[in-house]
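A.B. asks: For reference, the chains in residue letters:
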Amino acid sequence: MTDLTRLSAAQLAESLSTREVSSVEVTQAHLDRIAAVDDAVHAFLHVDGDEALRTASEVDALRAAGEDLHPLAGVPIAVKDVVVTKGMPSTAGSKILEGWIPPYDATLVEKIRAARLPILGKTNMDEFAMGSSTEHSAYGNSHNPWDLTRIPGGSGGGSAAALAAFEAPLAIGTDTGGSIRQPGAVTGTVGVKPTYGGVSRYGLIAMASSLDQAGPVTRTVLDSALLHELIGGHDPRDSTSIPEPLPPVVAAARQGALGDLSGLRVGVVTQLKGEGYQSGVLARFHESLELLQRAGAEVVEVSCPHFDYALAAYYLIMPAEASSNLAKFDGMRYGLRVEPESGPVTAERVMAATRGAGFGDEVKRRIILGTYALSAGYYDAYYGSAQKVRTLIQRDFAEAFAQADVLVSPTAPTTAFKLGEKLDDPLAMYLNDVATIPANLAGVPGISVPNGLSDDGLPTGFQVLAPAKADDRLYRVGAALEAALESAWGGPLLAQAPELG
Amino acid sequence: MTAVSAPTTPLVDYADAVRRYDPVLGIEVHVELGTRTKMFCPAEVSFGAAPNTQTTPVSLGLPGALPVVNGKAVEYAIRIGLALNCTIAENCRFARKNYFYPDIPKNFQTSQYDEPIAFDGWLDVELDDGTVHRVEIERAHMEEDAGKNTHVGGSTGRIHGAEYSLVDYNRAGIPLVEIVTKPITGAGERAPEVARAYVQALRDIFRALDVSEARMERGNVRADVNVSLRPAPDSPLGTRTETKNVNSFRSVERSVRYEISRQAAILDAGTAVVQETRHWHEDTGITTSGRVKSDAEDYRYFPEPDLVPVAPSREWVEEIRATLPELPQERRRRLQAEWGYADAEMRDVVNAGAVELIEATVAAGASPAGARKWWMGELARRAKQDEVELAALPITPAQIAELQSLVDSGRINDKLARQVLEGVLAGEGDPLQVVAVRGLEVVSDDGALLAAIDEALAAQPDVVEKVRGGNQGPVGAIIGAVMKATRGQADAKRVRELVLERIGS
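Sequence order for the protein chains is A and B.
Here the first sequence is numbered in the working numbering, starting from 2 and rising by one per residue.
Here the second sequence is numbered in the working numbering, starting from 3 and rising by one per residue.
Bound conformation, chain A alone (with noise of 0.2 Å):
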């Protein structure tokens, strides 16, 4: 019998709607891969494996009863432990959230329930989504599958970790500066960032409200049209959320796997490669670029000369942003309440005591951070210039993309680093979302395919972005890339992946 964890969300659909297999087959196959990789890879931070069941058995029910299902009916899902989910812990990865049992369910969970996909779990993260490496998760890191001695990439890197240990075929991410492409990239798996407001973010921990957003994370781009479909949609509980609606992305994604992609013009930015980009993730670069070529796309060079503004803007609004955000957790109605070790029991020293237990040091950072970018006297100087660049971001994109349809890029600048290279080094950290962080700031969307190993045997990934609300050009050109790389494999990249266990 094949193995039921190594099949795509697309194939596993496939068998369940022939009744093949069953929900319940396909849900403990990836519960004991769980139990038997996840000691090593840490990707999770909470199974829930009966609610996972039963969810299951009733899709079986239903489906035996001749019910009309949600074509990814049955198809089991780890969700970033950033999204609320009813009944099910919600800790972001922070301390201050340990024990918090959320009454309410975001709406992408609402529409995953509905579709009745057993949810396995939540998934490791960095504190709040702030990392680029799940070293900053109070619960401890994830491991790469790829190699245990590195990162999966954060802030998702339980997500990505989970997909490339084949511990589940389907997982939602976050993607706030990169958190969502770039663990995609070091695991080699397929992440999407919707554009802002493409998929609801009511539900979702707030880091920075004006750049978070949810998406896919799964081996396949069908897969990531698939999910991104089920969760994507206007949403009235956010008012940042589009009204029109999603463009035809699994159509887009079927299409772009035929591989033509003549009349395409493929932007590649100047900015985001050389200094700074490894050798190996620079190569693999330009053969995808040659692939696309072959596939009949035009490749032009265009400039975005702000980009190199781009991480400097991030680390003032991002952070300004999530300092009040995290305001709210002071243990005064939810999740940890530290009282103070001696003198008077008052409201501010509990607070004061709680955010002192209750935040990692990142968390503290960026608090610290943006409480200063928006102090009275600063602002103007630090968050007002970043919204500035922010303008002439967008402005860039927007040129650029009167030249090309999409913008290409390597996803990270480097492959997996080594745990703990980069913790005493937060500069070193953040360099990693250099390519990833414009997307963010523009608002458009971005995906990362994996596209080879690196020297070093660890993958790449090579980005796709395409203007706002054309999320459908990512799944064309990032399925045809596919496409192209695993005929040239034989094979997915993953299936050269080491054995886990």
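No wet-lab data here; the hints were simulated from the structure.
Please note that the accuracy of each hint is not assured.
Selected chain A positions facing chain B (Cβ under 10 Å, derived; list incomplete) [as the list claims (entries may be wrong)]:
id	residue
1	Val83
2	Val85
3	Leu98
4	Glu322
5	Tyr384
List time: in silico BS3-like cross-link candidates among lysine-lysine, alpha-carbon distance up to 30 Å [unchecked claim]:
id	chain 1	residue 1	chain 2	residue 2
6	B	Lys468	B	Lys495
7	B	Lys417	B	Lys468
8	B	Lys246	B	Lys150
9	A	Lys419	A	Lys96
10	B	Lys99	A	Lys365
11	B	Lys99	B	Lys150
12	B	Lys99	A	Lys389
13	B	Lys150	A	Lys87
14	B	Lys375	B	Lys386
15	A	Lys112	A	Lys87
16	B	Lys246	B	Lys184
17	B	Lys184	B	Lys99
18	B	Lys99	A	Lys96
19	B	Lys150	A	Lys96
20	A	Lys389	A	Lys365
Chain A stretches covered by chain B per the calculated footprint, using a threshold of three residues with CB under 8 Å from any CB of chain B [said to hold, decoys possible]:
id	stretch
21	100–111
22	207–219
23	233–242
24	371–377
Beta carbons: idealized from backbone N, C-alpha and C, even for Gly.
Assemble chain B onto chain A, guided by the hints.
C.D. replies: Frame of chain A; chain B shown alone:
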């Protein structure tokens, strides 16, 4: 509750203070909008619900929850802005005001900062004697209310000394509009009156616009009053204090008066007024120092990234303007003209809170003069005696109209009418029922009257003589006797006619 003993504050006599200093006011009024749901979520709003039952993940500030603007609240804010002659923003944003306090669930208040929905307006405020003072409006902006803290234990009900505190988030997220004046200058010694009249005028406007129940005692309308003194109207502004949550019209006036006397004493002593928040004590009539407020207090305002800008279309604004109800001042002018009251009469009616009552009484058929006579006369006395509002008396405008029509038709006279009124107020029913049950109708049967008259004439032959002699003065004695005999139910005019006829015959 033990009284808080405040240090004795030296005061300057008020008249003396305003002779030597020019007071400047700044008033911030918060009004809770009467929308069905909260500002940013669908939690229901109703007064007096059990604590923490009117909440959603949004108004509890749960992780992940997001705000959505209540369109009705925006409409109400625009109504208020238009009524205050403001410009309505074509595009405006919400902002976060960041500070830590347990009654704001997110530890920031979603408010408006540099882009209020309405700005640059004015309101003409009429004082009791008819003087009009124009108050310039700086801005009116939308925001959400905080929850309510209750401090348990300790002696004062205040946080200091309390054993623990409880928070009720039912109020958290209720839509508010905050109206901020520009510095109110030129009021001089009448500054306290202007302050009261301004807050009262706003309250009346909120009610007329139907945007709030606007009940001061429930905290629907809350005023923060800033007061500063300067040596002369052309001097720079002095240091201000802000007296918080002054919750009745009378308190607004008293607290301003108190602050003027207090600050004058400080300035007289050559010391500086401390810029601070002060608390008003209704019972003792003084303010005490609260939190020292410096301009450096930093709320780290920034545009609320969870909300998109509010951009009311010009068509919508004009539609709202076109459907604005008549405002209290215009209405008063119209009614005064319709009723033919003199300025002073109308002012008395307004000050007595009798406009609506008289309007309803006139609508029920009474003449404006008759309606005013009852409400401003007998009933006003009665209300004062019972220490209640006129509207709280157990009598309706329709009953007053009925009473007046009984007088007009001659079925009862004024004296009987007062007895009928007593009966209605005592809960004996409508005027007609009281007349019937108490048997109070005027005796118009000449036969019955003549019998009483003959009796009176027989009893007082000396009077008859005098009248016959051409002196009509003493005839009143006979009339009085007849009225007494008929228990007041006779028509005095008719009695006089009959007595004269009788004596003359």
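A.B. asks: Now, for every hint given, state plainly whether the structure supports it.
C.D. replies: Here's how the hints hold up against the structure:
1. Proximity of Val83 of chain A to chain B holds as hinted, the smallest CB-CB distance being about 8 Å (cut-off 10 Å).
2. For Val85 of chain A, the interface hint holds, the least distance from its beta-carbon to any beta-carbon of chain B being 4 Å, beneath 10 Å.
3. Hint status for Leu98 of chain A relative to chain B: holds, with the closest Cβ pair at about 7 Å, below 10 Å.
4. Hint status for Glu322 of chain A: holds, given a least beta-carbon distance of 6 Å to chain B, under 10 Å.
5. With 10 Å as the threshold, the beta carbon of Tyr384 of chain A comes within range of chain B, its nearest partner Cβ sitting at about 6 Å, so the hint holds.
6. A threshold of 30 Å between alpha carbons decides the hint, and for Lys468 of chain B with Lys495 of chain B the separation of about 20 Å falls inside it, so the pair holds.
7. Only pairs whose Cα atoms come within 30 Å are accepted, and Lys417 of chain B paired with Lys468 of chain B is accepted, the gap being roughly 29 Å.
8. Annotation: proposed proximity of Lys246 of chain B to Lys150 of chain B holds, straight-line Cα distance about 16 Å (limit 30 Å).
9. For a cut-off of 30 Å, the pair hint linking Lys419 of chain A to Lys96 of chain A stands: about 25 Å separates their Cα positions.
10. A threshold of 30 Å between alpha carbons decides the hint, and for Lys99 of chain B with Lys365 of chain A the separation of about 20 Å falls inside it, so the pair holds.
11. Restraint check for Lys99 of chain B and Lys150 of chain B: the C-alpha separation of about 18 Å stays at or below 30 Å, so the hint holds.
12. In summary, the hint linking Lys99 of chain B to Lys389 of chain A is supported, as the alpha carbons are separated by about 22 Å, within the 30 Å threshold.
13. For the given pair, Lys150 of chain B sits about 28 Å from Lys87 of chain A by alpha-carbon distance, which is consistent with the 30 Å threshold.
14. A distance of roughly 16 Å separates the Cα atoms of Lys375 of chain B and Lys386 of chain B; the hinted pair therefore holds under the 30 Å criterion.
15. Restraint check for Lys112 of chain A and Lys87 of chain A: the C-alpha separation of about 13 Å stays at or below 30 Å, so the hint holds.
16. Distance restraint check for Lys246 of chain B and Lys184 of chain B: the Cα-Cα separation of roughly 18 Å lies within the 30 Å cut-off, and the hinted pair is therefore satisfied.
17. Of the pairs offered as hints, the one joining Lys184 of chain B and Lys99 of chain B holds, with about 21 Å between alpha carbons and a cut-off of 30 Å not exceeded.
18. Taking the CA atoms of Lys99 of chain B and Lys96 of chain A, the gap is about 26 Å. The hint holds against a cut of 30 Å.
19. Restraint check: the Cα-Cα separation between Lys150 of chain B and Lys96 of chain A comes to about 29 Å, which is no more than 30 Å; the hinted pair holds.
20. With a C-alpha separation of about 26 Å, the suggested pair Lys389 of chain A and Lys365 of chain A falls inside the 30 Å cut-off, and the hint holds.
21. Only when three residues or more bring their CB closer than 8 Å to a CB of chain B does the claim for the stretch 100–111 of chain A stand; here the count is 5, and the claim holds.
22. Residues of the stretch 207–219 of chain A lying with their CB closer than 8 Å to a CB of chain B number 4, which satisfies the three-residue condition for coverage.
23. Here's how the stretch 233–242 of chain A fares: 5 of its residues keep a CB closer than 8 Å to some CB of chain B, so the rule of at least three is met and the hint holds.
24. Counting residues of the stretch 371–377 of chain A whose C-beta lies closer than 8 Å to any C-beta of chain B gives 4; at least three are required, and the coverage claim holds.
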